[in-house]
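Engineer: Quick mapping for you: the protein sequence lines, in order, are chains P and E.
Note that this note's numbering has the first sequence beginning at 36, numbered continuously upward.
Note that this note's numbering has the second sequence beginning at 80, numbered continuously upward.
Please note that the accuracy of each hint is not assured.
Under the rule of at most 25 Å between Cα atoms (straight-line distance), these lysine to any residue pairs were calculated in the SDA-like manner [as the list claims (entries may be wrong)]:
id	chain 1	residue 1	chain 2	residue 2
1	P	Lys44	E	Phe90
2	E	Lys124	P	Glu50
3	P	Lys105	E	Gly175
4	E	Lys124	E	Leu159
By construction, these hints were calculated from the structure, which means they are not laboratory data.
Keep in mind it's a predicted model, so treat the numbers as computed, not measured.
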Amino acid sequence: DGGITQSPKYLFRKEGQNVTLSCEQNLNHDAMYWYRQDPGQGLRLIYYSQIVNDFQKGDIAEGYSVSREKKESFPLTVTSAQKNPTAFYLCASRADYNSPLHFGNGTRLTVT
Amino acid sequence: RKEVEQDPGPFNVPEGATVAFNCTYSNSASQSFFWYRQDCRKEPKLLMSVYSSGNEDGRFTAQLNRASQYISLLIRDSKLSDSATYLCVVKWGSWGKLQFGAGTQVVVTP
């Protein structure tokens, strides 16, 4: 079955360490997205990529970086510059501009 | 003012009852609208798109009011399994930017 796989499901890191969250999709979607969800808030867009080798900053890109070397993969690195990294991170993709998003099952990151 | 606003709830609903709630949006150029369902600590899943004339999917009915800039979701004959947070999503812009509401929590009780 096609879908989006995020790993790991839970991630614990010490403050000051960079950490990379994995996102792989086999839906053949061009566009991929990273969102962050905090309690009581809507999803906020971190980065998005509409095509391989291209990506754009979203609304809250500071402290994050991404790459898009393959269509299937869109990893997110949470750097030590991100002031409040503890959150639920969701990767998503969609077939085209008019299609709804499909989400991965998320990574819950805790930084202490 | 937030671009997409929802009543956070919770809406406590007896099993079998009807519940309805709205989502207001500020951008009059909004193009498409969706309702997603999110269970506790899980990813959001598409419940239904919202069409201009309104649409129904089983016990769920979605409406769009462009003049007043809101969409609504109505759940009939509520089931315990309908307990979740319902996210409103609005699309606008040249690349289809999606804006999420913070969600409305629905709790269906026996």
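Engineer: Hint by hint, note whether the structure agrees.
Structural biologist: Results for each hint:
1. In summary, the hint linking Lys44/P to Phe90/E is not supported, as the alpha carbons are separated by about 30 Å, beyond the 25 Å threshold.
2. A C-alpha spacing of about 32 Å is found between Lys124/E and Glu50/P, which places the hinted pair above 25 Å, so the restraint is violated.
3. In summary, the hint linking Lys105/P to Gly175/E is supported, as the alpha carbons are separated by about 22 Å, within the 25 Å threshold.
4. Of the supplied pair hints, the one linking Lys124/E and Leu159/E holds, its CA atoms being roughly 18 Å apart against a limit of 25 Å.
Hint violations for this structure: numbers 1, 2, all remaining hints satisfied.
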